[in-house]
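Please construct the entire structure, taking both the sequences and the accompanying hints into account.
In order, the protein sequence lines correspond to chains A and B.
Quick note: the first sequence uses our numbering, first residue 1, plus one each step.
Quick note: the second sequence uses our numbering, first residue 201, plus one each step.
Calculated from the structure, these hints are not laboratory results.
Glycine is no exception: its CB is placed at the ideal position from the N, C-alpha and C atoms.
One or more of the hints may lead you astray.
Example chain B residues on the side facing chain A (calculated, C-beta under 10 angstroms, incomplete) [claimed, not checked]:
#  : residue
1  : H226
2  : G229
3  : A233
4  : M234
5  : G263
6  : A264
7  : S267
8  : M268
9  : K272
10 : V278
On the chain B side, residues computed to face chain A include the following (Cβ under 8 angstroms) [to be verified]:
#  : residue
11 : A265
12 : R276
13 : M284
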Amino acid sequence: MIKWTLLLSIIAAGAAGAAAFGWVTIRRGFSARDNPSALEAFLAKTARNLSIPASERDAKNPFAPTAEVLGEARAHFADHCATCHGNDGSGKTEIGQNLYPKAPDLRQSETQNLTDGQIYYIIHNGIRLTGMPAWGGPGKDDDSWQLVLFIRHLPQMTPQEMKEMEPFNPKSAAERSEEEDEQRFLNEDKSSEMKKKMHH
Amino acid sequence: MKRITLLVAMFVLAAGAAFAHGKERHVMGKVTAMTDSSITVQTKAKDPVTVYTMAETKYEKSGAAASMKDLKVGDRVVIHAEKMGDKLMANEVHFGVVAKTPHQS
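Set out below in structure tokens:
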């Protein structure tokens, strides 16, 4: 009898705790402006890590970080990932900072301490209820493994490398046109100087 | 069915509108005055525009990293700025001739 009472008390306390957590979460609203609470972040990360099978977590990257592989991955990252994560991986972009949860700084230990297999799994399969889509198709994909190497390289990125990524960042036709107008404007001094020289 | 289509269309339009308001304004013109924390630019169309600089402001001369010291009165400049309160704050300041950016298809 005492055992049953204890069990029911534990179940009731658990249900009350879950209800309180749910109530507080709902009362905070569903705006994407907030940051997840510490408890929500802990639960979400634990669930994510538990969802990755051990064989995937311990998988080894079939690629080596050669200049060629890193170059390809850099261009791929600029084209597919930088809109949210930024070319430097900081996540400090308009979209990245307004997602829920916000795009993480990939250079920090929270990402860098994950195994290669975990990072691959996240890129390939995405993360449910976040802004992270599943990039991989059916089966294994080489692009995601190459991106893992680039993410490992992010903490050592040079300004020159970041500059080289810019042409690969997605832009609308209007943005490209505006960029060309700006370049033309900045170069006008040079063209007028050249015209003057030719005239003399 | 029509209602669902309408709802989907409204959602798509709302999402478009949410991302449509770019916060940055691009100020293009010649530098007419400078202080330690501001750049005044004479644009083609309007009165002079004063943009304030911040510690985070990035400077780029001919595509390479530079500093405010490299900029002079009379230079052509393109400033990517954001409105904060009633002030325009510079995120990026570009000046000097630049090579044409190779666009990706």
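Evaluated hints:
1. H226: holds, 7 angstroms
2. G229: holds, 9 angstroms
3. A233: Where the cut-off is 10 angstroms and the nearest Cβ of chain A is about 19 angstroms from A233 of chain B, the hint is violated.
4. M234: violated, 18 angstroms
5. G263: Cβ of G263 of chain B sits 7 angstroms from chain A, so the hint holds.
6. A264: holds, 8 angstroms
7. S267: violated, 14 angstroms
8. M268: At about 17 angstroms, which exceeds the 10 angstroms cut-off, the nearest Cβ of chain A leaves the hint on M268 of chain B violated.
9. K272: Violated - the Cβ of K272 of chain B stays beyond 10 angstroms from chain A, reaching only about 12 angstroms at its closest.
10. V278: Holds: closest Cβ of chain A sits about 5 angstroms from V278 of chain B, inside 10 angstroms.
11. A265: With Cβ-Cβ at 6 angstroms, under 8 angstroms, it holds.
12. R276: holds, 5 angstroms
13. M284: violated, 15 angstroms
In summary, the numbered hints that this structure violates are 3, 4, 7, 8, 9 and 13.
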